[in-house]
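Peer 1: The chain contents come next:
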Amino acid sequence: MHMTKRQKGIFVLAVALLGMNSEALAQNVGRCGWGSKLFEGNDGIAPQVLAVTTNGFLGNQTFGITSGTSGCTQSGVVRSNWKSVLFIEQNKSLLARDIATGDGETLVAFADVIGVEQQDKAHFFAQSQSNFGQLFPSEKVTAGEVAEALKTMLEKDGQLKKYAAAV
Amino acid sequence: MKQYEGHVPGKLVPRRAFFLWLRSFSLISLLLLSEARADKGDSLQIFLQERRARIVQLSGTNEWRALLHYREGWLGSLKSSVDSSNFFLSPVGDISAEAELEATIVKLLDESPAGKSARCRFVARKAFLSQELTGFKERLHRERCEEFEEWRNALTVSQVTLVFIDAFLNNPASLFGHTLLRLDHANDNHLLSYAVQYSAVVNPRDPGLLYAVKGMFGGYKGYFSIAPYYASVSRYSEFELRDIWEYPLDLKENEVRRLVDHMWELQEVAFDYYYFDDNCSALLAELLRAAAPRLVIDSRLASPWKIPIDLLHALSSSAQDDILRDPRYRPSRARRAIYSYALLSQDEQVQAHAVATGSLEVADMLASTQNDASKARILEFAHDQLLLKNEDNATRTYEVLRARSRLPRVVLQKGMEQVLREGRKPPHEAHASRQVSLESGYNSNRGQYFEFGIRPAYHGLLDPAAGLQNGAQIEVLPASVRYYADQDAFRVERFDLIDIISLTPQIAGSSKISWSFRAARERHSLGGGSVGHVGRLDILAGRSLLLGSEGQTFVLAGARGESGDELDVFVAPLVRVGSLLQLSESLKLFAESKLFYNRTLGWEPSLGVAHTVNREWTGVLTVSNESPYGSRATEVGLSLRYFF
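Heads up: the protein sequence lines correspond to chains E and W, in order. All the letters of the first sequence, read from the start, carry residue numbers 1 to 167 under the numbering used here. All the letters of the second sequence, read from the start, carry residue numbers 1001 to 1644 under the numbering used here.
Do not rely on the hints blindly, as some may be mistaken.
One side of the interface only, derived from the structure: several residues of chain W facing chain E at Cβ under 8 Å [stated by the list, open to error]:
#1 Leu1078
#2 Ser1081
#3 Ser1085
Only pairs whose alpha carbons sit at most 35 Å apart, straight line, appear in this in silico DSBU-like list of lysine-lysine [unchecked claim]:
#4 W:Lys1389 / E:Lys83
#5 E:Lys140 / W:Lys1252
#6 E:Lys83 / W:Lys1137
#7 E:Lys151 / W:Lys1389
#8 E:Lys140 / W:Lys1389
#9 E:Lys121 / W:Lys1116
#10 E:Lys83 / W:Lys1116
#11 W:Lys1079 / E:Lys83
#12 E:Lys121 / W:Lys1389
Simulated from the structure, these hints should not be mistaken for laboratory data. Think of the CB as a built atom: it goes at the ideal place given N, C-alpha and C, for glycine as much as any other residue.
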């Protein structure tokens, strides 16, 4: 669903000349398949999610969502067991920032994705921050690798062990 | 051509006769099929006959018409905006509300597997009929619709929020902003809510020109889709640096339920997509009306132009029972970065810049800085800058975050959003997007004149910026007609296809370009006393700097192409230098000079001062001087502009 450079160029010109409305073309980046046929024949979800990140993990050269339909059910709702990986994949640069600083909206949202209870959140944030180097061993790390490392981190922690299964 | 049916008067009569015939035929055939099942068929027929008047009445209600997306065309004819035949149970359901209602009753009361699949698909219609048609609920076969229930439970919507995303001038598809609906769970993190979008599904293999043409003229199909809201925030706020306004909608519980039910009905359902009118805002309005038929179709949404901000205007009008609640403001990454930047000491600012650009190593900064909080602030701001820059800097970005993670947590700035929101008007308070104007003035070559101007959309630099981006002008098809008193003659003075100026100030180390594009036809003094039409195409790019808190000053350079009645076609270099200033809350000034070279050096200085009276009215004084073809003319005009 991405426009090619050439398409973009002509599109720019056409829009500029005619002053058209709205922004729907190429808008469906990262959407689930509800209302579309994007999902058809998409049976191997796991390899897709784990293999997608080829853009620089921490830079923002491109808007890096390449796996729009991964982890979605036919009706557009994200499958619970893929929620965490999909979240990491789509929020990688912000999540890295929040983990490095130990707080932030994206980290709070991620804690909610894996169901961290209120009383464990501060500990979860602190643990993630001090394990930044393990969670993000390099700028080329993939969402799947971050999820794996996070799972390991949670399993090792007495207080957070119970959340490991949700990653 | 299918999409134009029902709007072409000449085609109406034969078509209407045909569908009436077809409708009676289809109803009879459905009844015959039912009759095959003996008693039940008979009783269904009686059931329908007894309720004949009520069925006709229900088919004319707002509720039914909104659920089927009917729009009224010429002579009261109906046409659904849905373009998927599987959405209709009657073969003429797309143009006949009554035939579709009858067919729906028959189908939903059918006890065969086909009946179940319809009952589990058209859940909003089922609920509507159960409530409105006596005896329907009692006859309805009851069963579980597992897929639908699973889907509805996964959504568990308790609140619906209308999300408005500011215009993004650097992407032509986003010139007018964007709207989507967000479905919130109770007490949940809104980033994890689902967002409902309406968008075209394009064929990426289409060659460029075909792609644009199809997008504009209905060649692509539009679909509703849902995806986690964080994907929208990530894209719009973090990458495209656009402000987001989130308006909770005051919908009743049954309206929220109907919205979710109706969305299920729209699965796999295609609409014809048109940039001009059947775009995200128009279709979101239809979705909201299906949920809450009490909403009024505003003239703004019935007009041939529909832009996202019109949806906000339409919903905030007094006729809508205050459905829009106070919005939450989600400032873009750029705004948040500017805010944090202002909180750094001067020394920290310098160091952060140096770390971001690579002229200072992270390790050296850490060694030379004393306290941890200061180090953390420097690294966080350096990271902001790295994200704002469009460069390949993943390694440095990683290094900065890695260093930051080794420092203790700093308590976050609370209330940043409130501070950033102060003095900023939400977009529903912006001026309306259509404008007419009356002007009186004097031209030193052509004498006194009176002018009538019209602009279908959307914002000019001198218009009040409240609720919009200051320095972002998009004028679509502005045109004006003048009456010259001395010559007793009317002239088309100006007709532009489009006039865009995008001024993005350099802030917090960002490297954003400013640009302008204009395609216009104007009247000019051509020298030797003659006046003629000139077609112009100006394309420029450059830089803009912040002047005070709201003002900007800019330099743009590029080219102008011209051709006209008594002119050869030529292309000449063109430079624009100017300033846009907010003198007081209601007073705005725009001054610029255009310099260009066409055998001789020409310059056109101009000045405009606008006084905003209120949201509807603005008074503007303009003074300009031009000499493009050797004959200098000064013009002074006073205009009154009305937004509606």
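Peer 1: Next step is simple, just say for each hint if it's right about the structure.
Peer 2: Tested hints:
1. Leu1078: Constraint on Leu1078 (chain W) not satisfied, violated at 24 Å.
2. Ser1081: violated (15 Å)
3. Ser1085: This interface hint is violated because 16 Å lies over the 8 Å limit.
4. W:Lys1389 / E:Lys83: holds (30 Å)
5. E:Lys140 / W:Lys1252: violated (48 Å)
6. E:Lys83 / W:Lys1137: violated (39 Å)
7. E:Lys151 / W:Lys1389: holds (33 Å)
8. E:Lys140 / W:Lys1389: At roughly 19 Å apart (the allowed maximum being 35 Å), Lys1389 (chain W) and Lys140 (chain E) satisfy the hint.
9. E:Lys121 / W:Lys1116: This hinted pair is violated, its Cα atoms lying about 46 Å apart.
10. E:Lys83 / W:Lys1116: holds (32 Å)
11. W:Lys1079 / E:Lys83: violated (40 Å)
12. E:Lys121 / W:Lys1389: Holds, at about 32 Å.
Checked against the numbered hints given earlier, the structure breaks hints 1, 2, 3, 5, 6, 9, 11 and satisfies all the rest.
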